[in-house]
Amino acid sequence: MGNNILASHAKWGQKHAMVFIPEHAEKFRFRRSALFMPASNARALEKARTLSCDTLIFDLEDAVADDARGTAHENLLTLVKGEEFGGRERVIRVSAYGSPTFSEDLAVALACQPDAILLPKVEQAGTIAEVANLAGSDGPIPAPGLWTPAIWAMIETPMALLNLREICAASKRLSCLVVGPNDLAKATGTSMEQGRDAMLPWLMMIIAAARAHGQSVLDGVYNNFRDIDGLAAECAQGASMGFDGKTLIHPSQI
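Going by numbering that gives the first Met the number 0, the sequence shown opens with residue 0, and the numbers climb by one from there.
The set of hints was computed from the structure by calculation and includes no laboratory data.
Check the hints yourself; a few may be wrong.
Stated by the list, open to error - Simulated DEER-style distance windows between Cβ atoms:
| hint | residue 1 | residue 2 | range |
| --- | --- | --- | --- |
| 1 | T70 | E165 | 21 to 27 Å |
| 2 | R48 | G97 | 31 to 37 Å |
| 3 | T100 | T49 | 27 to 33 Å |
| 4 | A235 | A197 | 15 to 21 Å |
| 5 | G125 | D61 | 19 to 25 Å |
Model, not experiment: these values are computed from the prediction.
Don't be surprised by glycine CBs; every beta carbon is placed ideally from N, CA and C.
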């Protein structure tokens, strides 16, 4: 079963040997595998240095309970800040804009100087513009030696689908869209028990919007990390649809 994943990963790399590169990208990056890691788990963050994924997403949202947020912040500042993780792309997902924990999450994330800030539950263009302004990143990538993060956006609600054009055009610093299939299914009442066929039109909308605005786009997570064959099939489907890569929830999925 593991060979299926490797074969799918290899095909993805071949397919995207000339992967779509946003015009403002500071350098070429593969984003075939983007692993969510709970920022509250110090052991997981230590292990991140040894993983073979292209992108590490240190999570302050879904994976972190409110009573563990302080620990998560401390972990990021002590284990992630200043670390290059072998050249892997470093992204921090903060809590939703406007939530009680957003401001502190963003302050900690910016202190760590990641490659990008991932915003969950984006529904309006104004959210992207405001966060880009707060992060001092509403413009082209600066000259070497100066740092501002890219902005990534989770697309995971019906309103986000309706506002895709405006969201994608909100800031030059928005560089990647990430599908949130679980929240999207919940918000729309869509069943995914028999797969995600009902969601495919929405996924293609997200891909088209990203491409029209010069942005990368990542497929959503596959929930059953023990189902390697199912993951391989969904990876192959995502590659054929045009996704640049897939978000993951467990190291065994890389």
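These are the hints, each one checked on the structure:
Between T70 and E165 the beta carbon distance is about 37 Å. The supplied range of 21 to 27 Å is therefore violated. Look at R48 against G97: about 34 Å separates their beta carbons, and that is inside 31 to 37 Å. Roughly 30 Å separates the CB atoms of T100 and T49, a value that falls within the hinted 27 to 33 Å. About 19 Å separates the C-beta atoms of A235 and A197, a value consistent with the hinted range of 15 to 21 Å.
Distance hint check: the CB atoms of G125 and D61 are about 23 Å apart, consistent with the given range 19 to 25 Å.
Violated hint: 1 only; the structure is consistent with all others.
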